[in-house]
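Q: Sequence:
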Amino acid sequence: MIPTWVRITLSITLVLVAMSFLGCGTVQEGTNEDDWTNTPPVSLTARLEYRIDSLTNENRRMRQQIEALQTENANLNTRLSELQATPVDPALAAPKPEPKGSTPASRTTISTPGYESALAKFRARDFKSAIEQFNGLLSSGVAENLADNCQYWIGESYFGQKKYTEAIQAFETVTGMAGSDKADDAQLMIGNSYAALGKKAEAKEALQKLMTTYPGSPLVKHAKAKLSSL
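Numbered per numbering that gives the first Met the number 0, the sequence shown finishes at 229, counting up by one with no gaps.
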C-alpha cells in the first residue's frame, strides 16, 4: 500500500501540472481550452488514485491465490508422505518365492502342520532346527508321499550350512526313493554340491545324469547352464 504522504504529494503535483496546462491554454484555440475545463484536476487525481487502489487490490488477490496453492501443495505432500509410510497389507503382498530346488507349481503340493513348521525354519535359514524337525517327521512315520520331501529339505538344509558331503548323502537318498517327485531336484543339487566342493568331474557327471535320466524335467536347462560354467 502506498503511504498517505506519497499520495498527497502525488495529488498536489498532478494539480499543479494540470493548472500549468490550463494556464497555457489561453494561447491555444478554444476547443483545447474547453477540453481541459471539462476535465477538472480533481478528477485526474481521483482516477489515478482509483487505478492505484485497483492494482493494490489485484496484487492482494494474487497473493491470496498463491498462498492457497502453497497450502494445497503442502497438504498433498503430507498425504503422500503418509501413504509412503503406511505398511503394505500382508494380504496384498507378493507371495514368497519357493526355496531353491522346490518343485514346480504344476506338481502336487503336500503339506501337514509339522511339515510347514519345518519348512518355515528352512526359509528363516534356521537350518539346524529345520533338519531336526524334518528328521522328526521321518522318525514319526510320516506318509510315504511326504517322506521324499522331508529328505530333500534335509539335503537343502545341509547345503545351506555348506555341509556339502552330508547334503549329497541326503539327496542321493531322495533319488533312491521310488516314484519320488523330488528326484530330479535332488539330482541337480547333487551336481551343485559336488561343484561347491570343487569336484568338477563328479559335478559334471551328476548334471549329465539329470539330463539323461529326466530329459523332460524343467531342471534340464539349469543343468546345462551349470555345466557351461564348470
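Careful, some of the hints might be misleading.
Said to hold, decoys possible - Below, computed lysine-lysine pairings styled on DSSO-like, alpha-carbon distance capped at 30 Å: (1) Lys220 / Lys199; (2) Lys120 / Lys162; (3) Lys225 / Lys203; (4) Lys198 / Lys225; (5) Lys161 / Lys223.
I should point out that these hints are in silico values taken from the structure, not numbers from a laboratory.
Q: Give a verdict on every hint.
A: Verification of the supplied hints:
no., hint, in the structure
1, Lys220 / Lys199, "holds (18 Å)"
2, Lys120 / Lys162, "holds (17 Å)"
3, Lys225 / Lys203, "holds (9 Å)"
4, Lys198 / Lys225, "holds (13 Å)"
5, Lys161 / Lys223, "holds (23 Å)"
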